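Novice: Let chain A serve as the given structure and place chain B with the ligands on it in line with the hints.
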Amino acid sequence: MDVLVIGNGMAGYKFCEKMLYKSNPHSVRLTVFGEEPRPAYDRVHLSSYFSGTSAEALMLAPAGWYLDNDIDLHTGELVVAIDRERKLVTTQHGKTAAYDKLILATGSAAFVPPIPGTEKDGVFVYRTIEDLEAMTAYAPKARRAAVIGGGLLGLEAAKAVLDLGLEAHVVEFAPRLMPRQLDEAGSRVLQRKLEALGIGIHLGKNTAAIEGETGISRMVFTDGTALEVDMVIISAGIKPRDELAARAGLAVGPRGGIVVDDLLRTSDPDIYAVGECALHKGMVYGLVAPGYEMADVVATNLTGGSKVFTGFDMSTKLKLIGVDVASFGDPFCVSVAHHPVVLEDSVKGVYKRINVSADGRQLLGGILVGEAESYNMLLQTVKNALPLPPAPEDLILGARGRGDGGSSVMRLPDEALICSCEGVSKGTVCRAVAEKDLSDVKGIKACTKAGTGCGGCLPMLSDLLTEALKAQGKTVRKTLCEHFDYTRQELFDLIRVKGIRGYDHLLTEHGKGYGCEICKPAVASMLASIWNEMILRQATIQDTNDRYLANIQRGGTYSVVPRVPGGEITPEKLVTIGQVAQKYGLYCKITGGQRIDLFGARVDQLPGIWEELIAAGFESGHAYGKALRTVKSCVGSTWCRFGVQDSVGFAIEIEERYKGLRAPHKLKSAVSGCVRECAEAQSKDFGIIATEKGWNLYVGGNGGAKPQHALLLAADLDKDTCIRYIDRFLMFYIKTAEPLARTAAWLNKLEGGIDYLRDVVVHDALGIGAQLEQEMQGLVNTYRCEWREVVENPQLRSRFAHFVNTPEPDPTIQFQEDRGQRFPVKW
Amino acid sequence: MNTITTDITWFRAAPVEAFPENGGACIKLGNDQIAVFNFTARNEWYACQNLCPHKMQMILSRGIIGDTCGEPKVACPFHKKNFSLTTGENLNGEDYRIKVYPVKVENGEVFVGVGNEISDQW
Ligand code: SRM
Ligand SMILES: Cc1cc2nc3c(=O)[nH]c(=O)nc-3n(C[C@H](O)[C@H](O)[C@H](O)COP(=O)(O)OP(=O)(O)OC[C@H]3O[C@@H](n4cnc5c(N)ncnc54)[C@H](O)[C@@H]3O)c2cc1C
Ligand code: SF4
Ligand code: FES
Numbered sequence: 137m138d139v140l141v142i143g144n145g146m147a148g149y150k151f152c153e154k155m156l157y158k159s160n161p162h163s164v165r166l167t168v169f170g171e172e173p174r175p176a177y178d179r180v181h182l183s184s185y186f187s188g189t190s191a192e193a194l195m196l197a198p199a200g201w202y203l204d205n206d207i208d209l210h211t212g213e214l215v216v217a218i219d220r221e222r223k224l225v226t227t228q229h230g231k232t233a234a235y236d237k238l239i240l241a242t243g244s245a246a247f248v249p250p251i252p253g254t255e256k257d258g259v260f261v262y263r264t265i266e267d268l269e270a271m272t273a274y275a276p277k278a279r280r281a282a283v284i285g286g287g288l289l290g291l292e293a294a295k296a297v298l299d300l301g302l303e304a305h306v307v308e309f310a311p312r313l314m315p316r317q318l319d320e321a322g323s324r325v326l327q328r329k330l331e332a333l334g335i336g337i338h339l340g341k342n343t344a345a346i347e348g349e350t351g352i353s354r355m356v357f358t359d360g361t362a363l364e365v366d367m368v369i370i371s372a373g374i375k376p377r378d379e380l381a382a383r384a385g386l387a388v389g390p391r392g393g394i395v396v397d398d399l400l401r402t403s404d405p406d407i408y409a410v411g412e413c414a415l416h417k418g419m420v421y422g423l424v425a426p427g428y429e430m431a432d433v434v435a436t437n438l439t440g441g442s443k444v445f446t447g448f449d450m451s452t453k454l455k456l457i458g459v460d461v462a463s464f465g466d467p468f469c470v471s472v473a474h475h476p477v478v479l480e481d482s483v484k485g486v487y488k489r490i491n492v493s494a495d496g497r498q499l500l501g502g503i504l505v506g507e508a509e510s511y512n513m514l515l516q517t518v519k520n521a522l523p524l525p526p527a528p529e530d531l532i533l534g535a536r537g538r539g540d541g542g543s544s545v546m547r548l549p550d551e552a553l554i555c556s557c558e559g560v561s562k563g564t565v566c567r568a569v570a571e572k573d574l575s576d577v578k579g580i581k582a583c584t585k586a587g588t589g590c591g592g593c594l595p596m597l598s599d600l601l602t603e604a605l606k607a608q609g610k611t612v613r614k615t616l617c618e619h620f621d622y623t624r625q626e627l628f629d630l631i632r633v634k635g636i637r638g639y640d641h642l643l644t645e646h647g648k649g650y651g652c653e654i655c656k657p658a659v660a661s662m663l664a665s666i667w668n669e670m671i672l673r674q675a676t677i678q679d680t681n682d683r684y685l686a687n688i689q690r691g692g693t694y695s696v697v698p699r700v701p702g703g704e705i706t707p708e709k710l711v712t713i714g715q716v717a718q719k720y721g722l723y724c725k726i727t728g729g730q731r732i733d734l735f736g737a738r739v740d741q742l743p744g745i746w747e748e749l750i751a752a753g754f755e756s757g758h759a760y761g762k763a764l765r766t767v768k769s770c771v772g773s774t775w776c777r778f779g780v781q782d783s784v785g786f787a788i789e790i791e792e793r794y795k796g797l798r799a800p801h802k803l804k805s806a807v808s809g810c811v812r813e814c815a816e817a818q819s820k821d822f823g824i825i826a827t828e829k830g831w832n833l834y835v836g837g838n839g840g841a842k843p844q845h846a847l848l849l850a851a852d853l854d855k856d857t858c859i860r861y862i863d864r865f866l867m868f869y870i871k872t873a874e875p876l877a878r879t880a881a882w883l884n885k886l887e888g889g890i891d892y893l894r895d896v897v898v899h900d901a902l903g904i905g906a907q908l909e910q911e912m913q914g915l916v917n918t919y920r921c922e923w924r925e926v927v928e929n930p931q932l933r934s935r936f937a938h939f940v941n942t943p944e945p946d947p948t949i950q951f952q953e954d955r956g957q958r959f960p961v962k963w
Numbered sequence: 019m020n021t022i023t024t025d026i027t028w029f030r031a032a033p034v035e036a037f038p039e040n041g042g043a044c045i046k047l048g049n050d051q052i053a054v055f056n057f058t059a060r061n062e063w064y065a066c067q068n069l070c071p072h073k074m075q076m077i078l079s080r081g082i083i084g085d086t087c088g089e090p091k092v093a094c095p096f097h098k099k100n101f102s103l104t105t106g107e108n109l110n111g112e113d114y115r116i117k118v119y120p121v122k123v124e125n126g127e128v129f130v131g132v133g134n135e136i137s138d139q140w
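So the sequence lines, in the order shown, correspond to chains A and B.
FYI, the numbering for the first sequence is 137 to 963, going by our numbering.
FYI, the numbering for the second sequence is 19 to 140, going by our numbering.
If we strip away everything but chain A, and leave its shape as in the complex, we get (with noise of 0.2 Å):
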């Protein structure tokens, strides 16, 4: 059988692919016209060609493939006329070929809204590779472009201009942003969020012309208003290609598209139309998903099998711009009873809503603009008609407490599609991970296909994994990085037990290759919680911050943070602080851990800094290391008319104590006086509050991006025991969690919970507490200040320089002045 595919672009592609694969060997003859100068590319990820992608990257197979599987592609060919009678293609350079099927794959083109001026040098379309080249090229002579167009990929487009360095403007028609996929108030957060990026957005703008005697230099609009520009894209939709069909007579849409029936037949049987020129039921599909499902349905019939095109989700998610916008199932559900669930915050610029059926038991769509990680699980529930929870609005609230999110990935159907881009099922997916043995996404991706698309179900493979691996008994060995074998605990119980104090000899021994930026500051945190040696001198291995033993800054300046252990200071010290920061021009803040930060230090400074400090009694604070950072406290029964204990001192005691220890994350902690908890003792790693009888102690408390609050783990001690407690959570916090994990999230995970971590601490049912007090103990004698030893050792100072063949600062550092104080420029 000669079959014949018009088209070379992605679905033209995938219909060659899923023949090759259908069809016994030399059975079919494929030949291919491809219009564009080169095979198959991802025009989905057209955009990334823009600054260095190179035109191979995204192609969809090497040319070499075409030659190994037999296809007869002819590249830089047009198809000029189809003789349907003699079954023949004619091209434009007047090549000839047979054919007993017929594939038209020839997409579409950009559509051009009848404006004048759009001949004009400087206005593009955004469809191929060749149209980027041509706006790489035309963009060092512009200064400010605009997208006609705010759907999703004129936003796509604005992105690239940005990218390209000019200033980026959008005009809408409609009154909103994505008019296809948001309604009005999905519109304002995203329009907002945009803005803040830098992107001008007009909406309700018509574009009546765009003017300029060489080239271009304005849009003028309707409604008699004008944008100055020297650059336009036009985005604004598509336009099937049916010219080759319509000319041989084939039915085509009075909008445009060739129709075909529900097996992909044009009005000929013997030629089939698949991919964006197609017009089904109506509807012109501008995604690369129902592409692929058109050429598998035709691949299928034509080799024997048999399934019909049933329509297609339209649901998308907005990709590259950096906020997040996604919209599925029936997002406006103009027609449909239903009720709407809306969560609006405009602090965050968080906007979803959710579409549940009147009888409240299923979704039906929705929009999400600004955070959009639920999106597959709600795809999901749309597709698969999943029950909804009792209350839907924990579906965008996330569920609350600490019970289980209850939105698991197992609760899917084995049909549940996963990877709409290649139809791949979790079905399918939990097989390739249980037959083949499968370890990782990558393993997941080369044997289904899932997540080789458009990369929007990466997240939910991950999760399927996991669950998948866990469900066949096999616990899920968290390994470092491609250079470990081990988790972390098992790092470092070999680090301990056979001596190992350097990096190096570890990886020699225990890893592979050259190691990297994961592995290495995590082993950093390892030695230096075993053997609390001076860090500098691994200097290498450290994370930036450490290595220089400050925090970095926007353009590369670093934090000055010394130690005000509870926040108590004396006048003489704040005073010193004063003059320090005037000497060099730092920036001054107080912190929310009760200390003072001063910004804006040269590397080269931070010497000279430390060294008037220290001589002034500071130490280093730790603000840059994983380590402790600050014990809070509130003024307690010192000065306090409710405190019933010494809030204060203790918490100077356990900040003098814990100071330097070295963690898989940064710890806080906070003591407060009483039940009042004016030091937010709660929301800390370890928390103490005062009680009349003495302490109690609370674990596992985190502010930041998961807020949570701490557990009582033991209540009513004295001192002492307060104090070997804490010893023994966080040695064996330590010792077993995974890197960067802070006390909440270990607590979370740790099988038996508070409980468990109870039994270990307060009832030493692993018979472990001495050592782990030991251990703590061994670190809080060999502590010594890190700044300290930098300033007092010539060879470690010399370090702290930005080049090493002139002495000379960083002559790119700027700073801008504002309220009084000195800022870096802006990024």
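Treat the hints with caution; some may be incorrect.
Facing chain A, from chain B, some residues (calculated, C-beta under 8 Å) [said to hold, decoys possible]:
(1) 76
(2) 85
(3) 86
(4) 93
(5) 97
(6) 115
(7) 118
Residues of chain B placed beyond 10 Å of chain A at every Cβ, according to the derived structure [claimed, not checked]:
(8) 25
(9) 26
(10) 27
(11) 28
(12) 40
(13) 67
(14) 77
(15) 84
(16) 102
(17) 117
(18) 120
(19) 123
(20) 124
(21) 125
(22) 126
(23) 133
By construction, these hints were calculated from the structure, which means they are not laboratory data.
This structure is a prediction, so every number in the text was calculated from the model and none was measured.
Glycine included, every Cβ here is placed at the ideal spot set by N, Cα and C.
Specialist: Only chain B with the ligands this time, still in chain A's reference frame:
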């Protein structure tokens, strides 16, 4: 960017000891800043522009070096974007690219090779 490199001029950077083992340091060449890495574990030297193209920060010399599947790389301290030290390509699949330079060591001195470049902006 089309860069046509003709021949290379070698600039003396600094003595070997100025560069920490398995780490980098920055040198100034005219108005340019170049990050030079002493990749002791591989017994190799690498050099690249000090400017991270992500947020235009003069910082790469302070990044952690290592490898991804054998490809030597540096991770920017700010947001951990990874760059190949042999090609300058971004290894996270993003569109950034940095310039890399040849390095040679002679008599305990490190030299960086800079081509006489004609670049046509885009
Ligand atoms: C300066 C300060 C903000 C301020 O102006 O007040 C600050 C500044 C930074 N915080 Fe913070 N945090 C500061 C108090 C807090 C607090 C409040 C507190 O400690 O009482 C919190 C919430 C409490 C908590 O940690 O649970 C807080 C939660 C975070 C987080 C989120 C942690 C989490 O578990 O989600 C990060 C990110 C991280 O550590 O990975 C962070 C990270 C940072 C970094 C280090 C980001 C970075 O890597 O560059 C900031 C740079 C500081 C610098 O350059 O010196 N900062 N940060 C505060 C310094 C306190 C101090 O004296 O040391
Ligand atoms: C910048 C951009 C971003 C996108 N992002 C997404 C996204 O995030 N998600 C998504 O789902 N979709 C996205 N799309 C849409 C997606 O790329 C298309 O849906 C998909 O490419 C359609 O495939 P197709 O094969 O039908 O058409 P095309 O890929 O356009 O291929 C058609 C090919 O046929 C050729 N041709 C036409 N007529 C002839 C002829 N007479 N003779 C020979 N050859 C001919 C054309 O030159 C073209 O090469 C995006 C599109 C663009 C431009
Ligand atoms: S909240 Fe964010 S921006 Fe503010 S200091 Fe903390 S990390 Fe920086
Ligand atoms: S500045 Fe280098 S990764 Fe962001």
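Novice: Now tell me, hint by hint, if it's right for this structure.
Specialist: Against the structure, the hints come out as follows:
1. 76: 5 Å, holds
2. 85: At 4 Å from the nearest chain A Cβ, residue 85 (chain B) passes the 8 Å test, so the hint holds.
3. 86: 7 Å, holds
4. 93: For residue 93 (chain B), the interface hint holds, since the closest Cβ of chain A sits about 4 Å away, which is under 8 Å.
5. 97: 11 Å, violated
6. 115: Result: holds, 5 Å to nearest chain A Cβ.
7. 118: 14 Å, violated
8. 25: 23 Å, holds
9. 26: 19 Å, holds
10. 27: 16 Å, holds
11. 28: 14 Å, holds
12. 40: Residue 40 (chain B) not clear of chain A: closest Cβ-Cβ about 5 Å, inside 10 Å.
13. 67: Fine: 12 Å to the nearest Cβ keeps residue 67 (chain B) off the interface.
14. 77: Violated, because the least Cβ-Cβ distance between residue 77 (chain B) and chain A comes to about 6 Å, which does not exceed 10 Å.
15. 84: 4 Å, violated
16. 102: 13 Å, holds
17. 117: Per Cβ check, residue 117 (chain B) is outside 10 Å of chain A; nearest 13 Å; holds.
18. 120: 17 Å, holds
19. 123: 14 Å, holds
20. 124: 16 Å, holds
21. 125: 16 Å, holds
22. 126: Holds, because the least Cβ-Cβ distance between residue 126 (chain B) and chain A comes to about 14 Å, which exceeds 10 Å.
23. 133: Given a closest Cβ separation of 19 Å, the condition holds.
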